[in-house]
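Enquirer: These protein sequence lines map, in sequence, to chains A and B.
Letter by letter, the first sequence follows residues 25 to 104 in the numbering used here.
Letter by letter, the second sequence follows residues 100 to 235 in the numbering used here.
There's no promise every hint is true.
Cβ-to-Cβ under 8 Å is the rule here; a few derived chain B residues that face chain A [to be verified]:
| hint | residue |
| --- | --- |
| 1 | 150 |
| 2 | 156 |
| 3 | 184 |
| 4 | 188 |
| 5 | 189 |
| 6 | 213 |
| 7 | 230 |
| 8 | 231 |
It should be emphasised that the hints constitute simulated quantities derived from the structure, not laboratory data.
Predicted model, so just to flag it, every value in this text is computed and none were measured.
All residues carry an ideal CB built from backbone N, CA and C; glycine is no exception.
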Amino acid sequence: MRVIIRCFAQLRELATDRTELQLSDGATLDDAWRKLAERHAGIEPHRPYVRAARNGAYAAWEQPLADGDRVAFLPPVSGG
Amino acid sequence: MTRIIDAPIDVEALERSIASVQDGAVVTFVGRARDHADDGRTVVELEYEVYPEMAETVLDEIVAEAQRRWPVTVAVAHRHGLVPLGEAAVAIVAGSAHRGDAYEANRFVIEAIKERLPIWKRERFTDGSEWKRPGA
Numbered sequence: 025m026r027v028i029i030r031c032f033a034q035l036r037e038l039a040t041d042r043t044e045l046q047l048s049d050g051a052t053l054d055d056a057w058r059k060l061a062e063r064h065a066g067i068e069p070h071r072p073y074v075r076a077a078r079n080g081a082y083a084a085w086e087q088p089l090a091d092g093d094r095v096a097f098l099p100p101v102s103g104g
Numbered sequence: 100m101t102r103i104i105d106a107p108i109d110v111e112a113l114e115r116s117i118a119s120v121q122d123g124a125v126v127t128f129v130g131r132a133r134d135h136a137d138d139g140r141t142v143v144e145l146e147y148e149v150y151p152e153m154a155e156t157v158l159d160e161i162v163a164e165a166q167r168r169w170p171v172t173v174a175v176a177h178r179h180g181l182v183p184l185g186e187a188a189v190a191i192v193a194g195s196a197h198r199g200d201a202y203e204a205n206r207f208v209i210e211a212i213k214e215r216l217p218i219w220k221r222e223r224f225t226d227g228s229e230w231k232r233p234g235a
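Whenever a hint applies, use it, and build me the whole structure from the sequences.
Expert: Below you can see the structure in the form of structure tokens.
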């Protein structure tokens, strides 16, 4: 399956604004992160602080993905 | 009413948007772009990056949660893009019959924004810029 990946703030600068990943069936958000980190090793140290979102909502790392999902990796937010 | 905008926030218009003769108390919080970072360095301007498709939804959820927990009406605006010093980056208005609920709901909204609204602050210094660090 293919999923769309978006990154923000420092993760965007270290990796990419937007890309697509080809993942095997049953892949999770964590698998998507690992695949992205294979391409952009600079993001890996940020993993303990990153939250994942699936289709516009926060989601657990072990959540399985579906074809066409919109995935986002979010560094710690700093609004306000 | 919630809005994420790239223009100056009209705080009075935000207050008018929830105006009701039933509300004896209106609490307005304005978070402004400040001239120094937590470590004391001079900040010349702020820039906010947003995940728009998610931020509008999260902000709506935060407001809905506040209005569920307290008898209040809440309006919020958060700015993205460049925010000059002294201008509002966020404004929250909570109206209620009594001040206690309005204060508590307003505080809840700003803390929830800082915890989960997908917006990132970049502080621009005279010698470069940095994303605001975790926990800072």
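Enquirer: Taking the hints in turn, state whether each one holds.
Expert: Consistency of the hints with the structure:
With a least beta-carbon distance of about 6 Å to chain A, the hint placing residue 150(B) at the interface is held under the 8 Å criterion. This hint holds: residue 156(B) has a C-beta 6 Å from the nearest C-beta of chain A, less than the 8 Å allowed. The beta carbon of residue 184(B) is not positioned within 8 Å of any beta carbon in chain A (closest approach about 16 Å), and the interface hint is therefore violated. At a threshold of 8 Å, the smallest CB-CB gap from residue 188(B) to chain A is about 7 Å, leaving the interface hint in force.
A hinted interface residue such as residue 189(B) counts as satisfied when its beta carbon comes closer than 8 Å to some beta carbon of chain A; here the least separation is about 5 Å, so the hint holds. Restraint check, residue 213(B) versus chain A: the minimum CB separation of about 5 Å is within 8 Å; hint holds. The restraint placing residue 230(B) at the interface with chain A holds, with a minimum CB-CB distance near 5 Å, inside the 8 Å limit. Look at residue 231(B): its Cβ gets to within about 4 Å of chain A, closer than 8 Å, so that hint holds up.
In terms of the numbered hints stated before, the structure departs from hint 3 and from no other.
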